[in-house]
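S.K.: Generate coordinates for the entire structure from the input sequences, incorporating the hints supplied.
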Amino acid sequence: MALPLERTCPATGLKLFGVAETLVRWNAVAAVVFLLLGFLWVIPTTLNRVLGPEVVPPNLYYQATFLHGWNMLIFWILFFEVALLYFAASAILKTPLALPQLAWGGFGLMLGGAVLINYLGMAQPLSFLPFTPYVPLKAPSLFYLAVLLFAVGAILAVLVFFLTLHRAWKTKAYGPSMPLAAFGALTAAILATSTLLSGAIAFIPAFLWSLGLLPSLDPLWWRHTYWGFGHGAQQVNLAAMVTAWYLLALFTVGGTTPSERLSRIAFLLYLLGINLGSAHHLLTEPTGALSSAWTWVNTGYLIHVAVLGSLIHAFSVPAAIERGLRIKGFSQGLFTWLLRAPWGNPGFSALFLSVLLFGLLGGVSGVTMGSYDMNLKWHNTLAVVGHFKGTVVVGTSLAFMGLTYYLLPLLFRRKVVLPRLAAWQPWLFGLGMALLSLAMMRLGVVYGLPRRFGDTFQFGGSPFGFAYPPEASTLLVAMGVGGALSLAGGLLFVLLVVGSLLWGKRLSDEEIRLTYAVRSEEGSVTPKGVYLLALLFLAFFLLYYLYNHYFLSQAWPIGVR
Amino acid sequence: MALYPPKDWHNEPVTPEERTWLTLAALFAIVFLSAFMGIWHLTGRQTTHGEAYRVDPQAYRQKVLEFTEQHRVGELNGIPVVAPPPGDIYLMAQAFSWYPVLKLEEGETYRLHVGSVDFPHGFSLYPHEWSLQLYPGYEWVYTFKPTEAGEYTLVCNDYCGLGHHTMLGRILVEKSRR
Ligand SMILES: [Cu+2]
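These protein sequences, in sequence, are chains A and B.
Its first residue numbered 781, the first sequence is counted upward by one per residue in this note's numbering.
Its first residue numbered 4, the second sequence is counted upward by one per residue in this note's numbering.
For the record, the hints were derived by calculation from the structure and aren't laboratory data.
With a Cα cut of at most 25 Å, we get these calculated DSS-like pairs of lysine-lysine:
1. A:Lys950 - B:Lys10
2. A:Lys874 - A:Lys952
3. A:Lys1195 - A:Lys795
4. B:Lys106 - B:Lys148
5. B:Lys148 - B:Lys66
6. A:Lys952 - B:Lys10
7. A:Lys1285 - A:Lys795
8. A:Lys874 - A:Lys795
9. A:Lys874 - B:Lys10
10. A:Lys1195 - A:Lys1285
11. A:Lys795 - A:Lys952
12. B:Lys148 - B:Lys178
13. A:Lys1108 - B:Lys10
14. A:Lys1108 - A:Lys1308
15. A:Lys795 - B:Lys10
M.R.: This is how it looks when you write it as structure tokens:
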């Protein structure tokens, strides 16, 4: 379809340049395609856990886990993040994309890597390595090559972002200071650079080793370096998600942060606190492997600086929502604004659920399990997966889904089809996933159910088998119900996106301006409601953290000096 | 325009609510969490404090076999059962089994040497006490005390190959004889 070289978005006033817009579209479409693959590959996993290995054999389970993990955690999220970077650099900063050929090259490499990994996962069982492919587990060389192709593609995308940013800064295209959303995207891009470099440092030797060119790799060194990539990637997601939150608060209710300064400082704290050592993934090795002091500085002071950043956003983002709604006139009492919020708008409910569930499920559990010794209870159990669903899925994915409801009209100029169903989609997905996440965390921490385990009931006929207590089956059923609900919500999302692209009503400039009025509410109010909620949240956080340590204290003593 | 910051945002005052929140959040994140972690690690009864040695997997296997011969009291499902006195005990993880079966006494203190001789493995007990990460080339040493008699299952909880879910072992804890 022919694209205008440049147009001004009638609703946002953003400048949309032809090439950048096309790249944003292609990356967003690729993201949704891999999201669909990820959804389909989770079906065998869930069935195996709930119905047992007679229905879904262990091999299929391992295959499905491999493909679900890569498609969701890497391909869906990274393609979307690249779209977000280009959107921030070009549209928000009102600058044409620098070196678009490089951006296309990056897209090609990322796509190539992603397709190759999907092919390998279909073709041969030897490549079903877990998402943490610790050496000396060995995959076919093509696997490491595919990861490297994808990573190089992503590095090119980040490079294009930096170059465009530089151009925008030189021409002062965006006014005196950089907008908050671009600042958040910049944070994500800086984190992505260090993450991708760690990935290269881990995967290049692994590739050479798989070819037989290196005799062996030290497993401790490899695990550590791998986590510079694996953990850093989650920090990129965090920064991108928070950026999406600020954008959505503005798009849905016209809310702006109470303090630009504080929100920016919070992004800076992410940069300072990023844990290149990623020590908290190596907490179940004895202190003889890594020194106590080193580990404590990494997982104590350094990571808690990033936690402070998150706590600042945890106040600022909901406060932005409350400010927008209060200035709109819903100012009585403590919570009238929340009751009168635009609940029929999927962009808003996705934002609300993403903030709430990320905070309560993902954030709190992450800090707790990342605590030095608490990992003894959580490590490699289903609880880790439950935490994961609470961060990347109900947090990042839901925020990205919410933003998509705005990208469809603003970039694709299509009206979202089936608005009634769209209004339900975030609830179905978010609440289903919350149930799944809670069930997984309890199964893992209390009963020790392992993650990535192809046969929870019969252990492949091992003579040392045993039976979990009946409560475990109840929780497994809750997992199944939660999984089914969120899967329905997820597939509905894909249906809505594809449906809107194909059959959505084409919007004229005037219609976009009327339906998607994106403007900030001007004025100043005190976010009293959020202030109270934030204090309650902190109290919950404290109790949860202390309770977990009480629970740990009930285990067999270990490591006593 | 909304997307772009107000002109003099550098000089805007931070509201009292936000100042309070910032103080509380900083105290909680940087002071409480960090201090609690450090204190627990130094004084807690469940910590990852232990020793680690680089080891050649074959040498480690040899050590475990010798230990097994020395304390062997029987056999369970084809795996030797050992009943060592309190002190140093050895355990080996390999795809897809645990060797040997340990017979321990409630309330005694042991120094558990544990290592993998091939792939990454996860050491986890059912009923659930704690999980540890293993991989070849390293031998971990932890002191620990089983506090309740019973039959425990050792579950491998890190993926180690297509037979991973069959990798179970036993630890038997007997009532104290004292
Ligand atoms: Cu295993």
